[in-house]
Every structure is written in C-alpha cells, then in structure tokens.
Amino acid sequence: MFNLLKSSISRVFKYSGAEEYSRRYAVMNAFDGVVTVLGIVLGSTLLGEANARSIVAAGIGALVAMGISGVSGTYMAEKAEQERRIREIEDAMLIKLDKSVIAEARGKAAILSALVDALSAVVAGLIALTPYLASLLGLVTAEHAFILSLTFSLSLLFSLGLFLGKIARRNILWSGLKSLAIGCITILLITLLNLIL
Amino acid sequence: MIDFCRVLSTVNGVKRVSAVVVEVDVETDTVKVTIEGRNIDFEKVKEKVKEMGAAVHSVDEVVFEE
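So the sequence lines, in the order shown, correspond to chains G and E. Mapping of the first sequence onto my numbering: residues 1 to 197, in sequence order. Mapping of the second sequence onto my numbering: residues 198 to 263, in sequence order.
There may be inaccurate statements among the hints.
[To be verified] The calculated SDA-like cross-link candidates involving lysine to any residue, where the alpha carbons are at most 20 Å apart (straight line), are:
hint : chain 1 : residue 1 : chain 2 : residue 2
1    : E       : Lys245    : G       : Asp98
2    : G       : Lys6      : E       : Asp200
3    : E       : Lys245    : G       : Glu20
4    : G       : Lys99     : E       : Val219
5    : G       : Lys14     : E       : Lys247
6    : E       : Lys245    : G       : Ile86
7    : G       : Lys99     : E       : Met198
8    : G       : Lys79     : G       : Glu20
9    : G       : Lys96     : E       : Glu240
10   : G       : Lys99     : E       : Leu205
11   : G       : Lys14     : E       : Glu240
12   : G       : Lys99     : E       : Arg235
13   : G       : Lys96     : E       : Ser206
14   : G       : Lys99     : E       : Arg213
15   : E       : Lys245    : G       : Lys6
Since the hints were made in silico from the structure, they are not lab data.
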C-alpha cells in the first residue's frame with residue numbers, strides 16, 4: 001500500500017515537475033506552523049494569564065485556520081498555474097492533452113501541493129503544541145510544558161534549516177543556525193513587548 | 198523517453214521500440230520512434246502516444262512483409 005502510494009506520488013512529480021514546489025510549500029508552511037504556535041505560547045505565557053487549555057485551544061484554532069487556508073489557497077493557485085502550463089504545451093504541440101498522463105499528473109499535483117501545504121503547517125504546529133497537550137493529560141506540569149514547547153519549536157526550526165542546507169548543498173549547520181535565529185528573534189521580540197506592556 | 202518507449206512496447210504486436218531525439222525546443226522535443234513487430238495495432242499505438250502527452254507528426258517509413 002505504502003509502495004503504491006509512493007510510486008503514485010513519484011509519477012505525479014515526474015510528469016508535472018511539481019516536486020520543487022511541494023518541497024517549498026512543505027518548508028515554508030512548517031515554518032509558519034511552528035512560529036505561529038511559538039508566538040501563541042510566548043504571548044500567552046509572557047503577556048497574559050496562560051493555562052494549558054487556553055494555549056491548546058488557541059493553538060489548535062490557529063492550526064485549523066492555517067490548514068484550511070493553506071489547502072484552499074494553494075489548490076486554487078496551483079490548479080490555475082498547472083492549467084496555464086498545459087495550455088502552453090498544447091499551443092506548442094497543436095494537440096489537446098485532456099486525456100494524457102501530463103494533464104492527469106498536473107491535476108493531481110495541485111491536490112498534492114495543497115495537502116502538503118496544509119499538513120506541513122498543522123504537523124509542525126502540533127509538534128510545538130504537544131507538551132501542552134501532555135500537560136492537559138497531566139503528564140507534565142505547565143512550566144515544563146512551556147520549556148518543552150520552546151525546545152521542540154527551536155529544534156524543529158533548526159531541523160528545517162538543516163534540511164534547507166542539504167537541499168541547497170550549502171553548510172547545513174550554518175543553515176540550521178539561521179533558521180534557529182528566526183525562533184530566537186521571535187522570542188526576543190515578544191519578550192521585549194512584554195517589557196513594554 | 199524511457200517510459201514513453203516502455204508504454205509503446207506494451208501494444209499488441211510490438212516487438213521492438215527505439216527512439217532518438219532529433220530536436221529539442223523550449224517547450225517540446227522531437228523524437229524519431231521506430232517500432233518493429235508483427236500485426237502492430239497502429240490505432241493503439243496512436244492512442245498510447247496521445248496518452249503519454251505526445252503527438253504523431255508523421256509516419257515516415259512503413260514496411261509490410263509476408
């Protein structure tokens with residue numbers, strides 16, 4: 001089953017050239033998911049009265065919204081782009097590509113990109129939110145949940161940086177540190193805001 | 198091109214498929230395909246070519262033999 005899915009996705013990428021876009025959506029939206037939850041966790045803890053329930057509620061609400069926004073927006077944008085590309089090829093070849101593997105793959109590529117967009121944000125955000133879910137279940141205290149959530153968020157950002165470095169064939173450690181810096185800047189800005197308010 | 202040839206080789210009667218790139222354009226590649234076999238179902242070949250997102254521009258050589 002897994003092999004069938006893998007070869008199906010591979011075929012879609014082969015005939016649509018959408019692998020690059022999907023990778024881009026995955027990384028961009030994973031960043032969005034993690035940094036959004038990081039912001040909610042920090043904002044609630046440093047600026048307001050935070051409890052695990054309200055943080056989880058806000059986090060899940062934000063991730064659901066991001067997922068819906070991601071899937072619908074990306075699907076419509078990708079579908080338009082893929083259709084434009086099919087028309088270009090048809091004009092060059094003077095034939096219709098309606099029932100071809102190219103049209104089929106490009107149609108599926110739009111769906112795949114939309115799913116990647118939504119899932120990457122939701123999964124990354126949930127990873128950052130997991131300690132608070134654990135806190136709701138009584139597995140960790142709220143204080144530990146805060147520290148764990150920060151640790152998970154920063155680790156995930158660092159990992160995304162390593163991944164980007166590997167793709168670009170650059171120094172992966174430097175790439176990881178640059179991504180980590182994004183998380184640190186978020187923490188710094190919200191802490192400064194706390195001091196001002 | 199490998200997939201393209203593989204798909205054409207599945208047509209009834211086709212025993213051998215070879216393909217050579219003749220011209221490369223911004224949007225398209227022109228490929229000369231040679232198909233050999235007995236009782237080749239040419240309509241099916243055209244159908245498969247279309248399925249693979251290609252077009253038959255011309256048939257340049259045909260051989261019938263007993």
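Taking the hints in turn, this is what the structure says about them:
no.: 1; hint: E:Lys245 to G:Asp98; result: holds, 13 Å
no.: 2; hint: G:Lys6 to E:Asp200; result: holds, 17 Å
no.: 3; hint: E:Lys245 to G:Glu20; result: violated, 28 Å
no.: 4; hint: G:Lys99 to E:Val219; result: violated, 26 Å
no.: 5; hint: G:Lys14 to E:Lys247; result: holds, 17 Å
no.: 6; hint: E:Lys245 to G:Ile86; result: holds, 18 Å
no.: 7; hint: G:Lys99 to E:Met198; result: holds, 19 Å
no.: 8; hint: G:Lys79 to G:Glu20; result: holds, 16 Å
no.: 9; hint: G:Lys96 to E:Glu240; result: holds, 17 Å
no.: 10; hint: G:Lys99 to E:Leu205; result: holds, 16 Å
no.: 11; hint: G:Lys14 to E:Glu240; result: violated, 26 Å
no.: 12; hint: G:Lys99 to E:Arg235; result: violated, 28 Å
no.: 13; hint: G:Lys96 to E:Ser206; result: violated, 23 Å
no.: 14; hint: G:Lys99 to E:Arg213; result: violated, 25 Å
no.: 15; hint: E:Lys245 to G:Lys6; result: violated, 24 Å
Checked against the numbered hints above, the structure breaks hints 3, 4, 11, 12, 13, 14 and 15 and satisfies the rest.
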